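For the protein sequence lines, the chains are A and B, in the order given.
Residue numbering for the first sequence follows the numbering used here, beginning at 1 and increasing consecutively.
Residue numbering for the second sequence follows the numbering used here, beginning at 1001 and increasing consecutively.
No lab work stands behind these hints, which were simulated from the structure alone.
The structure presented is a predicted model; accordingly, all values stated were derived computationally and were not measured.
Worth double-checking, as some hints may not be accurate.
Said to hold, decoys possible - Here are the simulated SDA-like pairs of lysine to any residue, each with C-alpha atoms no more than 20 Å apart in a straight line:
| # | chain 1 | residue 1 | chain 2 | residue 2 |
| --- | --- | --- | --- | --- |
| 1 | B | 1234 | A | 307 |
| 2 | A | 43 | B | 1221 |
| 3 | B | 1234 | A | 343 |
| 4 | A | 376 | B | 1268 |
| 5 | A | 321 | B | 1424 |
| 6 | B | 1234 | A | 403 |
| 7 | B | 1234 | A | 400 |
| 8 | B | 1224 | A | 41 |
| 9 | B | 1234 | A | 395 |
| 10 | B | 1224 | A | 45 |
| 11 | B | 1268 | A | 41 |
| 12 | B | 1268 | A | 45 |
| 13 | B | 1234 | A | 320 |
| 14 | B | 1268 | A | 321 |
| 15 | A | 321 | B | 1224 |
| 16 | B | 1268 | A | 401 |
| 17 | B | 1268 | A | 399 |
| 18 | B | 1268 | A | 220 |
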Amino acid sequence: MTTAQLLGQDPGWLIAVKAVMVFAICVLSTLMAVWTERRVLAKMQLRTGPNRVGPAGLLQSLSDGVKLALKEDIIPAAADKVVFIIAPIIATAMCFMSFAVIPMTGVVNLFGRKTALQLTDLPVGVLYILAVTSIGVYGVVLAGWSSGSTYPLLGGLRSSAQVISYEVAMGLSLVAVFIYAGSMSTADIVGSQHQHLWNAIVLFPSFVIYVISMVGETNRAPFDLAEAEGELVGGFHTEYSSLKFALFFLAEYVNIIAVSALASTLFLGGWHALPGLGFTEQWLGGWFTLIWFFAKVNFFFFIFMWLRGSLPRLRYDQFMKFGWKVLIPVSLIWILIVASLRVLQQEGAPRSAILAFAAGVVIIVMAISSLVERNKEKVRSADLPEGEAPNFPVPSLPNVQSINVSGGK
Amino acid sequence: MTTHLDPYASSRETTEGTVFSVTGGDWDSLVSEIGESKEERIIVNMGPQHPSTHGVLRLVLELEGETVTEVRTGIGYLHTGIEKNIEFRNWTQAVTFATRMDYLSPIFNETAYCLAVEKLLGITNDIPERASVIRVMMMELNRISSHMVALGTGALELGAMGPMFFAFRDREIVLDTFEEITGLRMNMAYVRPGGVSQDLPAGMTTKIRDVVKSLRKNFEDNAKLLIGNTIWMKRTEGIGYLDLAGCTTLGITGPVLRSAGLPWDLRKMQPYCGYENYEFEVITADTADVYGRFLVRMAELEQSLRIIEQAADKLDKLEGQPVMVADKKIAWPAQLALGADGLGNSLDHIREIMGSSMESLIHHFKLVTEGFRVPAGQAYATVESPRGELAAHVVSDGGTRPYRVHFREPSFNNLQSTSAMSEGGMVADIIGAVASIDPVMGGVDR
């Protein structure tokens, strides 16, 4: 029985229960994520992090949430009131919705019924997630536009351009997964990885592109241009306060968890155990798979924190250039290669032919990259045309022994 | 209207000439001015309350999309009237004010002022060597703490959170040393006309050597965080470009000037406090961009450590020598001493003025209440602060209080390069450019 059929037998009350569970998991993991992020970042930065509220500061984010909710709610005079209020609701609702198709466990027993912890299994599940997250962008754009001030507007514009371009790269990186799994249903993709190898290994380039674009997609460091506090103060949420701000905050973290969950599902075998530890999947009546799933999600979340702790922010134009001129072309070429290999395999080509094709591709890629590298050197040496001589008197360099740290470039 | 309205200050004619009143509320006139042009531009008011405009700097930006077409800087939001206040205090008390101008480099402010006063008093050559060596050591320690803020906050403004904490760890080490020597972490009023306020605590040179050792180790870590980082290079290379001609036109000094290739360092060019007796190198770069300035500051840290080590060796040799000029008419009468109840007036001194010497008591009273007199005239003294040439122009009318003290603050002069550096670039590049100038608004506004 496929997961879709299994879920199809769920009675209405069970679906409602699961919906509540998914919601609770999202909110709870946001609270935990904020705390974890602060503690881990603190460890990376010679600090302690929150350790006062509750054991080891665990309740810090809860108390912060309550504090945010009790704060005065301000709507700026210049704001478009209706849109201003709707924007955070759109952003938050869409994040939660994307969680509906994520398979979090294998077959388990829930209130006496055999089912899986997954709200529904659409045949186009992954496309559904992409669609829902791109609606979430409306929240950010509308928030920026409706605030009626400059910083949010710039932040909103940046964010929309950013998310749209990275959605393209993200979508393309997923195409290879679809080709390989032969399905767009999340449960089927998890199943296909269980039969073969994890997609992270087989489709390594797709995996790398997906991980990069998921950071871009969620507006997180080093791609947090939409809320670059050094430039745009708070970006699109500069004018937001109280619960509306809390909703954006929640949306950001649920979004991170959602893309991490999608990454685990599509590339790291979803709720399945690590290869060789398959016996653990039966523990706790199958519920142990939930732990495996969240271990993988946390692995990605840790990457998010690590990036934030160590990297400076990219500039807007550099970031867009990276998306359009590097990630998207590389994805397209990669899809071409994967598709060709797949067709060769299905047409029953001999193993030697497939290997020869792969070797040829590798050689071509290496040749191109070395050409690009050489071209780069040329451009660098032909840098900056000779400008006019300065018409302001420049002092002759005094006879002082000095060290040139830039290496006389 | 025929005359051009200054958007920042309305003016009216009086019998004494044009009087400008600088007020807020200039926003409407700016916006309407822009509104007349046909191009689509937006104006962004960055600051004075903005996360990365270094305190209360105000930048008024004209943007075309993300490209900056015009930058105007607005200053004066941290004006504290320090120069004016100094005119109402005696020559020694003025140090307490001067130290608060550029709050990241207090020792430099004090030293520049004291060197100028000493020049006026004609006692420049009578300053005890130990005092000069202590001044040099303190200045170099201060240069490290100041550069640590420049590098840390600079990185933070470009979005890198980590380096800030590592830089502040090292700054803390230096500030702790300051506290041990002077009793205060910042604004310590330690350098006084005639010398320094008190000698180093016992065993301080050993501690200083340990500090140098741990700082040197930490600097290696810090360098690893940023040097060679692809994103960091992309954000800094070729950004905030200002070549030598630009620097000299605008009167830029310090790391910004040295990043354009001119090895102009007053410690070498016009040595003061005995800098000619130390071995160190002037650091330059020729990229004239944010990255060059970053490298210059990083490399200057090591040179400062070298000077501190040499100073510590000299201090060991000069152990027990005075740290205040011998002339009792100028030297502050009492040295502080550590008693059972903490640091305070030396009991020996109190015993002397209260019990045995009437003349000492009179001296003490006159110096503390009224202060010493400085011959009429004016003097100008410069030091190389972490931000560039810091100079004090001191005018005396022969009284116990300065007639006028004016500071040439490097932050103020360097800040005018903001537009030259950032116009034509992206919004994000302004942040990098301003961070590389490293202006301290306390120093700009005084």
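Can you confirm whether the C-alpha distance between residue 1234 of chain B and residue 320 of chain A stays at or below 20 Å?
Given that 20 Å is the threshold and the Cα spacing comes to 13 Å, the pair holds.
With a cut-off of 20 Å on the C-alpha distance, tell me whether residue 321 of chain A and residue 1424 of chain B pass.
Roughly 19 Å between the alpha carbons, so the hint for residue 321 of chain A and residue 1424 of chain B holds.
Between the alpha carbons of residue 1224 of chain B and residue 45 of chain A, is the straight-line distance 20 Å or under?
Holds, at roughly 14 Å.
Are the Cα atoms of residue 1268 of chain B and residue 401 of chain A separated by 20 Å or less?
Distance ~9 Å between residue 1268 of chain B and residue 401 of chain A Cα, so the pair holds.
Check whether the Cα positions of residue 1268 of chain B and residue 220 of chain A lie no farther apart than 20 Å.
violated (46 Å)
Pair hint residue 321 of chain A and residue 1224 of chain B, alpha-carbon separation not exceeding 20 Å
With Cα atoms ~27 Å apart, residue 321 of chain A and residue 1224 of chain B exceed 20 Å; violated.
Take the C-alpha atoms of residue 43 of chain A and residue 1221 of chain B, compute the straight-line distance between them, and say whether it is at most 20 Å.
Given pair residue 43 of chain A, residue 1221 of chain B holds - Cα atoms ~16 Å apart, limit 20 Å.
Tell me if the straight-line CA distance from residue 1268 of chain B to residue 41 of chain A falls inside 20 Å.
violated (43 Å)
Verify the proposed pairing of residue 1268 of chain B with residue 399 of chain A, using a straight-line Cα cut of 20 Å.
At roughly 10 Å apart (the allowed maximum being 20 Å), residue 399 of chain A and residue 1268 of chain B satisfy the hint.
Is residue 1234 of chain B within 20 Å of residue 307 of chain A, Cα to Cα?
holds (17 Å)
Starting from residue 1234 of chain B, check that the Cα of residue 343 of chain A is at most 20 Å away, please.
violated (41 Å)
Run the distance test for residue 1234 of chain B versus residue 400 of chain A: straight-line Cα separation, threshold 20 Å.
violated (32 Å)
Of the numbered hints listed earlier, those contradicted by the structure are 3, 4, 6, 7, 9, 11, 12, 14, 15 and 18.
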